[in-house]
Amino acid sequence: MGQKILLEHANVPGIKTYEVYRQHGGYRSVEKALKSMTPDEVVEEVKTSGLRGRGGAGFPTGMKWSFIDKKSGKPRHLVCNADESEPGTFKDRYLMEYIPHLLIEGMITSSYALGANLSYIYIRGEYMWVFRILEKAIKEAYAAGWLGKNILGSGFDLDLHVHCGAGAYICGEETALIESLEGKRGNPRIKPPFPAVSGLWSNPTVVNNVESIAVVPWIVNNSGEDYAKIGIGRSTGTKLISASGHIKNPGVYEIELGLSVDEFMNSDEYLGGMMNDRPLKALVPGGSSVPILPAHLIYKNAEGGDRLMSYESLSEGGFATGSMLGSGGFIVYNDTTCIVRNTWNFSRFYHHESCGQCSPCREGTGWMEKVLHRIENGHGREEDIELLWDIQRKIEGNTICPLGDAAAWPVAAAIRHFRDEFEYHVRFPEKIKNRDHFVAEPFEKVKHLVAKQTV
Amino acid sequence: MKISHVKQDINITPELQARIDELISHYPADKRKSALLPVLHEVQDAHDNWLSIELQDKVAEILNIKPIEVYEVVSFYTMYNQQPIGKYMFEFCRTSCCAIRGAENLMDYTCNKLGIKEGETTPDGMFTVVGVECLGACGYAPMLQLGDYYRENLTEEKMDALIEECKNGQVKLH
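As you go down the protein sequences, you meet chains R and S in turn. Okay, so the first sequence: first residue is 0 according to numbering that gives the first Met the number 0, each after it adds one. Okay, so the second sequence: first residue is 0 according to numbering that gives the first Met the number 0, each after it adds one.
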């Protein structure tokens with residue numbers, strides 16, 4: 000049984016309320032930091048912990064904090080990114096819904112470290128009931144003296160509010176999130192300047208994922224060194240994994256980084272194996288944006304070594320044979336899944352969510368969706384596969400924010416690993432008329448047809 | 000989404016105004032515009048879940064910003080409705096994780112039962128069905144959003160029951 004840091008008290012009845020949370024050691028990190036540590040000492044602990052941003056990029060949190068501009072004398076802000084919208088990811092919602100005070104405690108301790116006196120939690124608008132849970136929890140924290148002026152007599156002031164979005168994946172990108180928090184369309188900004196210098200209302204701002212902030216209390220209460228002892232190599236600590244798809248036990252799990260993919264997938268403590276015991280076909284290990292892995296590259300890497308749940312192991316082999324840990328959105332597909340249909344589905348998502356600023360993304364995502372739709376519906380041409388490859392290649396790296404890359408990677412990986420399935424769609428349009436075509440007849444049973452046909 | 004020229008009764012009640020004032024107080028006095036997204040949600044909720052041009056103009060007036068600053072935001076974010084919609088809007092997530100667990104079939108089932116196509120509203124104005132992108136409920140598929148809440152791990156039987164609850168006025172939206 001792995002160590003639990005974030006979900007240690009998740010099953011305590013009433014942990015949602017201030018009183019129960021406090022009885023279980025809640026807000027101790029605020030006491031410790033404000034009474035016995037300088038802000039820089041808190042930053043140092045987080046640096047020592049090796050914590051990497053849990054939103055998907057995996058950038059070291061302590062280092063991000065150290066970039067905040069303290070010299071200009073402008074007000075500073077900490078903004079929590081609770082816009083969780085990466086398909087396959089639903090872990091932040093779980094934390095906020097069931098242990099809202101953990102995030103609030105983390106916001107206070109982290110704001111103290113950064114010298115921020117006005118901080119926000121930006122939550123996606125669809126999580127409206129969670130928005131209200133956080134609003135209530137913030138009111139409780141104000142009433143108990145953890146927020147407001149001169150907290151614990153330390154001289155540190157902090158106002159914290161929750162702000163809601165209104166349905167836009169792009170607002171998970173930190174500069175788009177800041178635009179949205181300023182009451183504008185979620186168009187990402189050109190960097191530099193980075194938010195650490197010019198963010199919310201042109202003030203120095205740090206944007207961190209919910210999970211990153213929620214782990215700060217544990218790091219402060221224990222130590223960065225203790226945190227770094229958990230996990231493997233540069234993947235320190237625990238990580239929340241959102242598991243979905245064709246598995247027995249979908250849900251949110253806290254794992255110690257370094258757990259083997261095999262154990263996570265098949266042990267009863269975690270996912271319990273495949274739903275209805277059907278064969279495993281593919282895995283998207285870190286949210287829709289990361290490359291999909293075919294069955295033979297899931298439990299083992301290309302060299303035959305065990306694949307582990309860590310930043311490094313999941314990306315072993317680069318994009319040729321690896322993927323990424325990303326946000327921890329772990330999507331499992333069985334043999335009834337149509338990879339072409341799933342790739343079209345992802346492309347439709349990115350087309351819908353493109354903000355429209357950069358032409359390669361605005362136009363390219365639309366073209367990928369159209370071409371994939373055509374192939375999936377039996378109107379594809381042999382050359383469409385090359386066309387798709389060409390479009391994704393022209394989007395990648397040519398946009399001001401990572402949405403372009405996120406849209407390109409799933410298409411590239413699907414063609415790389417499942418090219419024969421695209422060919423099958425093009426060559427046997429009559430066999431894919433029904434959208435559940437591989438439910439009745441999994442691709443494994445018909446793939447020999449592709450090999451026989453020469454074009 | 001096209002804009003609508005249907006006339007909408009605008010009523011900023013004292014309760015709604017108080018809530019708007021509370022939201023505005025969360026931002027520095029010279030940054031009232033920041034309250035735009037949360038304020039639009041509250042105003043829309045209080046006006047049959049849609050925002051006419053006149054209502055958007057009213058929000059601009061309340062926040063002391065130009066109408067175009069409201070229009071460009073309303074047209075960008077999918078949760079703001081620019082035309083009248085059904086009292087009960089079933090928003091089915093149909094992105095990958097939900098799709099492979101039966102979201103498309105369940106949406107078809109619901110549309111057939113209500114006699115409408117995806118994106119349409121029943122003639123009595125009671126129900127709208129729309130397919131939307133990932134709602135962050137991937138492990139609890141298939142699911143839909145109804146008002147401020149999610150309905151998860153759905154089946155055809157649960158859909159039947161939910162439609163009945165709506166018809167009987169037993170569903171809390173906000």
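Just so you know, these hints were derived from the structure itself, not from any lab. Watch out, some of these pointers could steer you wrong.
Residues on chain S that point at chain R, a partial pick, calculated with CB under 7 Å [said to hold, decoys possible]:
#	residue
1	E21
2	I23
3	S33
4	L35
5	T77
6	N80
7	L134
8	G135
9	C165
What you are looking at is a predicted structure, and each value in this text was computed from that prediction instead of being measured. Glycine residues also receive a C-beta, built at the ideal position from the N, C-alpha and C atoms.
**Q.** Non-conforming hints, listed in increasing numerical order
**A.** 1, 2, 6 and 9
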